[in-house]
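Residue numbers (my numbering), protein chains in the order written: chain L, 1 to 508; chain R, 1 to 155.
Hints in this document: simulated from the structure, not taken from any laboratory.
Idealized CB from N, CA, C, for every residue including glycine.
The reader is advised that the hints may include incorrect statements.
Restraint-style ranges between C-beta atoms, simulated for each label pair [unchecked claim]: (1) P385(L) x V12(R): 50 to 60 Å; (2) A283(L) x P118(R): 49 to 59 Å; (3) E147(R) x Q249(L): 50 to 60 Å; (4) D468(L) x Q91(R): 25 to 35 Å; (5) G59(R) x R235(L): 27 to 37 Å; (6) E147(R) x R467(L): 36 to 46 Å.
Here are the simulated EDC-like pairs of lysine to aspartate or glutamate, each with C-alpha atoms no more than 20 Å apart in a straight line [to be verified]: (7) K98(R) x E117(R); (8) K2(L) x D69(L); (9) K98(R) x E56(R); (10) K82(L) x D17(L); (11) K437(L) x E56(R); (12) K98(R) x E428(L).
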Amino acid sequence: MKVWLPRDAAARALGADAVATALISEAARRGVRLDLVRTGSRGMIWLEPLAEIYTSAGRTAFGPLTPEDVPALFDSPETHPKALGLTEEIPFFKRQTRLTFARVGLIDPLDLAEYETQGGLAGLRRALGLSPPDIVTEVTDSGLRGRGGAGFPTGVKWATVARAPGPRKYIVCNADEGDSGTFADRMLMEGDPFCLIEGMTIAALATGAAQGYCFIRSEYPDAITTMTAAVAIARDAGVLGRSVLDTGQAFDIEIRVGAGAYVCGEETALLNAIEGRRGTVRAKPPLPALQGLFGCPTVVNNVLSLATIPIILSRGAAFYRDFGIGRSRGTMPLQIAGNVRHGGLFETAFGITLGEIVTEIGGGTASGRPVKAVQVGGPLGAWFPPALFDTPLCYEEFGAKEGLVGHAGFVVLDDTADMAAYARFAMEFCAVESCGKCTPCRIGAVRAVETLDRIAAGEAAALPLLRDLCQTMRLGSLCALGGFAPYPVLSALTHFPADFGLNTEAAA
Amino acid sequence: MTDTALATQVEVILRDHAGGEGAALPVLHAVQHAFGHIPEAAMALIAPALGLTQAELRGLVTFYPDFRATPAGRHVLKLCRSEACQARGGQALIEAAKARLGVDWHETTPDGAVTLEPSYCLGLCACGPGAMVNGELHAKLDPERLERLLAGLLP
Ligand SMILES: Cc1cc2nc3c(=O)[nH]c(=O)nc-3n(C[C@H](O)[C@H](O)[C@H](O)COP(=O)(O)O)c2cc1C
Ligand code: FES
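This is chain R alone, in the form it adopts within the complex (with noise of 0.2 Å):
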């Protein structure tokens, strides 16, 4: 995408949010749906339009875990760590999925094709361990639907 093109389209979310209260958090959302992340040219555009310096507007990009800087991998892989799914074998699954994947929390595949974040509780603590997958839920995963699930977003 040139810049101008990305300048467009960040003036239009800009325009959607002008005069609201308090627009930071869905102008960001609008930017990463649009682009994946929040890119460098769009920080620009935005600080001054929401009257904030660059330095608080990269405060709150590296404050929020959806916030992202960098894009991600075709594919967002969220495993669920906390309480609930870990006592229905959660720790096993991260185990397999970080094994499968060949990374930790954060990274990506080096083919670009999954990046794996870590979730505190997707809500699906009575039918854990839960996942979610490009913002689709999927629950009582073990291994095997993981790795069918997987296959689905390898090359």
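Bound conformation, chain L alone (with noise of 0.2 Å):
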């Protein structure tokens, strides 16, 4: 009996790891020979542990599994209760367009032979032969914008590093995915850990480094071990090292855990973190691209820009940029979590509203009453209410409505939710996670929650300064931890007064 089954840090979390001991061992007791792969997870989360178990129809899904479903898996699998019949054909799976996420939570992550077969290295090799500027032309052209938060064209950064002069060049790899609501690049690290491999070496090819870094929370233990793994089967196999694919150009990949420091996400406190010191944000220029890290030329990308860089070179920057939207081209792995019914990874291309991610594809709450508000993009992004679910997941319309995609986290609450709650807590999170090292995000969030404690108690009159001290972080800040921090406060304000104890004139 063939299964799958995942190691997602997720799936873990919930008793994948029991549910396996359980098959096992059912097995044993019956005699039945038992092939268990533990893949990545297919993004289904509110399903997890899901099992799939090979029938000559495909791959069928079982889930949540609890151990105490496991006998019957032998039994008859048809009749099962937890049975959800093909896993390719559950709606929520059915209608995403996975082009980052191809072989997430299909193959074994660590088998390169099974990477291979599903596509794998097609880009690199397509990549190694065509000249670094044709290949950053691909990526340009492709459309792909950085997946880490701000958006740059991923072309144009490259372009940068490889015309900028320098004795070294480094490849950095931003693995730190602190925002709460964010998961996708654990899952893609934990579940097709070759593809970020190859789209950073491409990335050295394109712009001639010779040495990448991947710098990797360390509340992600288990991605952490999986990229270990697999960076040693990659150099093993010649994917990596001395003579990449025995073309005699070299790179190679280290993996740098970081320290529970949110702020080291941005980039230039990440390569601060990389080179030894404390994660404080640099000034801006100079760039990284031009001086990054030890003030070499370096491309700092996030983990899903560069896993898509694969399936661009494989199959062409028009394959990618036909998906999406005016200047939001491609697709986006969207990450449903919160108060949700349906929460997991959904990858889709640009342009699907707000509203289709949280009330079709994501079902509504959990707990069944209305959804009150959703936060996009993370803890500095801003929540939009019901009125806003027309707007189409893009970049520039997201701007439009005072609020940023960013990571693409969807953080749904239900209607008990105190807004005024959520707001005060952006703040107390910016005190807390600010590197210190520019006065409007250190001490203008520790002001601000002070000040919301004041309208909290009925302070009307302290508006005017909480705007005034918003303006100020916003303008004011060296990056965008206290720059943003100011959105999901301003949005709860402007569209759930109520929350504060403020009507909408005073609020407006």
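With the hints as a guide, bring both chains together as one complex.
So this is what it looks like as structure tokens:
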């Protein structure tokens, strides 16, 4: 019997290992030969642990499983109470366009041969036949924009590094993924690590870098283990090392582990952390592309940006660019989280509306109560009320609504949520995580918490002060931590004044 | 542990990382892994080896939340405070944990069993509230499941 079961951290946190143990002992008890493959997660987190069993029709899903559900899987899978039908026919899965996540959940993440069978290394092989400027052109033409939050065109960044003079160049993968409500980087690293390695290697070929670093947050022990193992396997197979696929070009990757500071996701703080300094933000200019790690030209890209490179190279820029709308091309792996019925990872082309994401795909709240607000783009993103659910997913449209796409996390709240408490938390978070380098963020966040407390105590007159402070933080902070922390606060105030004890005019 | 035993172990860690670029975080992780914290005696050895002043090294240890200058309890419980977990009952869970342990954030129970630390996302946002116990993740916690977890940690 062939069974696939995730080794993804969320699936494990929901009991996948106990299900694996039950499968093994039940198979032994019955004398059944069990071929158990631990994979990444298919992304339907509400159904985890989700096992798939091979049938003549394809991979059939069962979940969410407990060890008690296991014996019946051996008896009559067809009538199993947790049977979900063919995995790829489950509506949540079927509706997706999986480009970056094509292999996640499908394959054994550390099986390089299977990776290749499923299309892996095709992008790298094509890149090896192109000149570095042609690789960069391909990435530019794909329209890919940085998936880490800022949405900067990846090809433009690479071109800058490629042209920059320097004794050495570096590829740095930003796997710090600190935003609450996001977990796509983690799932990709745990489910298809070779894809990220391939993307980093293509970046190295395009820019002339010989060394890469992948900086993973310490909260992701499984991703660290999987990536470390994958790098060693890739090195043994000659994908990394002194001569990438026997071409004579050198590139290697070192995994670095973060130490619990959210701000290290900011690219210059991340560079400081790799260099062994405090993770404080550097003033820009100089851009990291020109003077980054150890003062050398450096590509800093998010996990998803880099993991999307292989398919762009293998299928061509036009294939990728044909998905999406406006200046938001390709697909985005959405992370649907919080109080939501169908939480998980959903990859789709840009252009889908917020309402479709929350109501149709997410299925509304888990509590069954009405949706009150959705925070998009992490702890520094704005809260959207249902009145804005017609907003299409796209960098420009979200910007026009005073919000951001960011790393595309969607945190859903039901109508019992107190938005004033969430606003206060946003500023408290900013105060805790501020690197301390600039005053608007370091002091401003503390003062904002105090001012929000005054408003909560009924002092509506403190409101202009809060707005003024938010303005100062927005314009005066060195990075987007202090610069964007006002978004969740002001959006909560604008859309939910009653939660602050204010009437609509007072909040306006 | 004697100071010489500690020094030998720290020297091994430093030798393992010698010559690497920007070795400070890997070294501090390794030292903390070995001793559960960054002992005073270790700092005296690490700073010169990394070319840092004592002040710079202390600056690193205090900047990064993962590094501790004093030992934690026998178990470390991290609870996620962030939005997606709050949306799924995280606040009630945190209050239950604090009440059960009788500690606030960053504190250790008087018997030295459990240290309570905040986390600001564990990547379990679709299945929160999330927690990490001694490096292991747990999802969909509620006060009863937390109670069972804690029962395994408390004497
Ligand atoms: C406070 C703060 C935290 C950030 N955290 C992350 C992060 O965890 N991961 C990430 O890729 N980018 C993060 N960013 C954005 C990075 O600074 C940078 O824009 C990104 O890594 C560039 O890669 P991309 O172009 O591929 O998106 C953060 C920015 C700020 C201001
Ligand atoms: S917000 Fe709690 S795990 Fe992400």
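Tested hints:
1. P385(L) x V12(R): 50 to 60 Å: This hint holds: roughly 57 Å between Cβ atoms.
2. A283(L) x P118(R): 49 to 59 Å: violated, 30 Å
3. E147(R) x Q249(L): 50 to 60 Å: holds, 56 Å
4. D468(L) x Q91(R): 25 to 35 Å: With a Cβ separation near 30 Å, D468(L) and Q91(R) satisfy 25 to 35 Å, so the hint holds.
5. G59(R) x R235(L): 27 to 37 Å: holds, 34 Å
6. E147(R) x R467(L): 36 to 46 Å: For R467(L) against E147(R), whose Cβ atoms are near 44 Å apart, the range 36 to 46 Å holds.
7. K98(R) x E117(R): With Cα atoms ~10 Å apart, K98(R) and E117(R) stay inside 20 Å; holds.
8. K2(L) x D69(L): Cα-Cα ~17 Å, so holds.
9. K98(R) x E56(R): violated, 34 Å
10. K82(L) x D17(L): holds, 18 Å
11. K437(L) x E56(R): Holds, at about 16 Å.
12. K98(R) x E428(L): holds, 19 Å
Hints 2, 9, counting from the list given before, are not met by this structure.
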